[in-house]
Amino acid sequence: MTAAQTGATGFLARYEGLKDHLPGARKPWLNQLRADAAVHFAARGFPTRRVEQWKYTDLAPVAQAAFAEPLTSVDGQVHLPAPLAPHRAVFVDGRFRPDLSSLDGLPFRALGLAHDLAEAEPHLGALAKPESEPLAALNTMLFEDGLFLDVPDGVDGGLLELVSVAVDPGRPFAFHPRHLVRLGARARLTLIETATGGGHCLHNPVFEIEVAEGASLTHGRMLQEAATVFHLSTIYARVAAEGTYDNFTVAAGPRLTRNEIHAALVGPKAACHMNGAQMAADGQHVDTTTALDHAAPDCASRQTYKTVLAGRSRGVFQGRIHVHRVAQRTDGYQMNQALLLSEEAEIDSKPQLEIYADDVKCSHGATVGALDADSLFYLRSRGIPEAQAKAMLVEAFLHEAVETVTDETLKGALTRALDAWWARQEAAA
Amino acid sequence: MPAVTETIETVQQATESGYKWGFETDIEMEFAPKGLNEDIVRFISAKKNEPAWLLEWRLRAFAAWKTMEEPRWAAVKYPPIDYQDSYYYAAPKQKVGPKSLDEVDPELLKTYAKLGIPLREQEILAGVEGAGSVPAEGRMPIAVDAVFDSVSVATSYKERLGKEGIIFCAISEAVQTHPELVRKYLGTVVPQGDNFFAALNSAVFTDGSFVYIPKGVRCPMELSTYFRINAKSTGQFERTLIIADEGSHVSYLEGCTAPMRDENQLHAAVVELVALDDATIKYSTVQNWYPGDAEGKGGIYNFVTKRGACRGARSKISWTQVETGSAITWKYPSCILQGEDSVGEFYSVAITNNYQQADTGTKMFHIGPRTRSTIVSKGISAGHGQNTYRGLVRIGAKAHGARNFTQCDSLLIGDLCGAHTVPYIENRCVSAKVEHEATTSRIAEDQLFYCRQRGLTQEEAVGLIVNGFCREVLKELPMEFAVEAQKLLQISLEGSVG
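In order, the protein sequence lines correspond to chains A and B.
Start counting the first sequence at 1; every next residue gets the next number (this note's numbering).
Start counting the second sequence at 1001; every next residue gets the next number (this note's numbering).
Same shape as in the complex, but just chain A (with noise of 0.2 Å):
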């Protein structure tokens, strides 16, 4: 690939040059899997704003960026942060990094995709729609490593940290892990995963996760790169009979910020609740999508969303519930509330509705406005400072995202890093 090839070109080419040493170049199922991508991000290359789920984000400085690969550091100073728990997997610039990664002596499998591919064969690609997600496309071809989680039926996996570093190598690069969870049985497993470092990067990572029946996956995420990445990524999480997927995800930091969720509830009485809570400053754009299927009857979804936008910023919210036929006493609420601190933010909020089975509790609510008078004055009266009282106001606004969570290794970290962003805001201020 040379220099000038930019954006969806620049990727297939990268991909016709590479396709003979990607990971698994010699499986035909991953070659078949990867040429069909291939096909669907040649047909589509990066999503316009003219395509109804990127009406209010722009992929332009993406599609016109030319990303070279990352480097192959497999030595050298890389800056983690400080563990949450005992074990965890590390990634820098998207490649498995076990030299960095503590994984012994947890109670299942957690392995680097690149090296071992053949288990996770049945479940590459399961779950991942290339032909309707562009991005998702996009990593299927490139991908060169992930992490392949995979806790047996009963196992209780405690809680495993996922950090992924980019290097800034002074060149603009990207890379697309691919990342498999699956939880057997009644398994249960706390993800914690964190985005840092920094660079022109393009970081597009995708998760496949599949929890089993009566099987419990808490993930949190805090994606807090540098306000020069580019953060687009897509989880897909299959829930059956009685599982529960639980999102909390945290995005402040890169230039742009994508967090795309798309979770099915297969199974009879499964559950998902998605929360989060996304800011913004000058110049950035956090965008968090979500797609729910109610697709058995007796399940129940909740999502909170929040964001705060300041400076000259942007932020959107797009959700959607929809209640199959079959899903029959459904119980699904959304709820997305944004806060406005500047004359120059802007927020474009489109929760949706699709329904199709009768009996059915299904409500969204969206509130837009800046910080309440009547509350900043109620807390200025008892003699607080105009800076803490505002300070108070945008933490209670965005703790309530964080609120249900019940692991308290994540509640912290969530909120250290809710209270990060406050704390840089007010440096800047």
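Simulated from the structure, these hints should not be mistaken for lab results.
Misleading hints may appear alongside valid ones.
[What the hints assert, rightly or not] The calculated lysine-lysine pairs, modelled on DSS-like cross-linking and capped at a C-alpha distance of 27 Å, are:
| hint | chain 1 | residue 1 | chain 2 | residue 2 |
| --- | --- | --- | --- | --- |
| 1 | B | 1363 | A | 55 |
| 2 | A | 390 | B | 1398 |
| 3 | B | 1232 | B | 1114 |
| 4 | B | 1077 | A | 55 |
| 5 | B | 1398 | A | 55 |
| 6 | B | 1433 | A | 390 |
| 7 | B | 1184 | B | 1363 |
| 8 | A | 55 | B | 1433 |
| 9 | B | 1077 | A | 129 |
Given the coordinates of chain A, assemble chain B onto it according to the supplied hints.
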């Protein structure tokens, strides 16, 4: 509760009769040749004896339409429409511009009498006390413009309104009598190239109503237009333009029906409202186009562009719609809130039964400071019906202190139908406040049980609950129409329960 008794009776009647407005009037008609081309546009313009500027205006619209694509984003499905396989002009043969009702073809008068629409002055709207009865004490008369296929056949109370300086006539007549007003406002709210159906309408609109309320005048009676499609293989393309000058007030009602046919007929109307400083326009619609039969055969495609501009400070435009008819509804009555402190409202009940599909909602554009809007939408789906609320609230950067409240509720009756909510909220103003709520549920078992226990049949109970569900919207309608609308809801839901 008299309304309930009435409702029950209506349901009983309806069970026997189905769509009771589905008859056809046998009347000699004049048609333009089938198909759509520049000559047809010229034909219509010539037929209406239009000035050159209007013909050019139409031709520009037609040129734009030819370059446009039919919108496909709505959640409705229908086979491709052959725009060449339709008549774009169909008018009853009668004397040009009848001077009084006596000159109107008796067949037409009979038709409107049968529909319960009082063309004779002093008569009141039927459906409350029966056609032709004496108006009740203190009840306001209603002025009616009757549009039959492509032309306006009669307008009542013109003289009485004229005394107040109010102009209420067919738009084709207004082009002749008040060309300066028409030219000043036509297409300023919905431009010719606004969308595919608006462009089509701009090219071939044949009639519709024109209303001008002068400064400071409060229109003394309800104005209304009744649209009737009668002829086969025709489309109806009417254009309504209402201008409320400073400090004026008008309440306008619109009703519509069509014969039962196996074919789908196209109705692509454009309505433009202009409210100047301190003016108020209340626009109510009871849409009862033929919905097609129980198998989804036939019915009107109702692809309508309605938009109001609150140009003046403190002006107000309020849309209320009860959508029970049409095979497909594609309609988003909107408000452009330009004037400071202007107000937009949208109250809607949309009901889909059998194979009806409705994709309807509103757009509120907040441009001026302290503009306010309220959206209340109630969607009811039964049978195989698909009902979508699609709405946009956009707050511009200068709309300081703007406020929106939206509530959309959906009710599902039966498990073969669908209810969808697609709101878009775009806010660029820090001091604006937007709230949106939506719920979807079915009729609660305990409510049904409560009603059944008191001796109501399943169908009556559902009727009662549905009426309660829609109450917030129905109360916005003028009283007579509210009663009529309640009955319509019953009829539309017929066969969906039990």
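Hint check:
As the CA atoms of residue 1363/B and residue 55/A are separated by approximately 17 Å, the hinted pair is consistent with the 27 Å bound. Between the alpha carbons of residue 390/A and residue 1398/B the distance comes to roughly 24 Å, so the proposed pair stays at or under 27 Å and holds. Proposed proximity of residue 1232/B and residue 1114/B is supported: the alpha carbons are some 19 Å apart, at most 27 Å. Straight-line distance between C-alpha atoms of residue 1077/B and residue 55/A comes to about 23 Å, which keeps the hinted pair within the 27 Å bound.
This hinted pair checks out: residue 1398/B and residue 55/A have alpha carbons roughly 23 Å apart, not beyond 27 Å. Between the alpha carbons of residue 1433/B and residue 390/A the distance comes to roughly 18 Å, so the proposed pair stays at or under 27 Å and holds. With a C-alpha separation of about 24 Å, the suggested pair residue 1184/B and residue 1363/B falls inside the 27 Å cut-off, and the hint holds. For a cut-off of 27 Å, the pair hint linking residue 55/A to residue 1433/B stands: about 22 Å separates their Cα positions.
The hinted pair formed by residue 1077/B and residue 129/A meets the criterion: a straight-line CA distance of about 25 Å does not exceed 27 Å.
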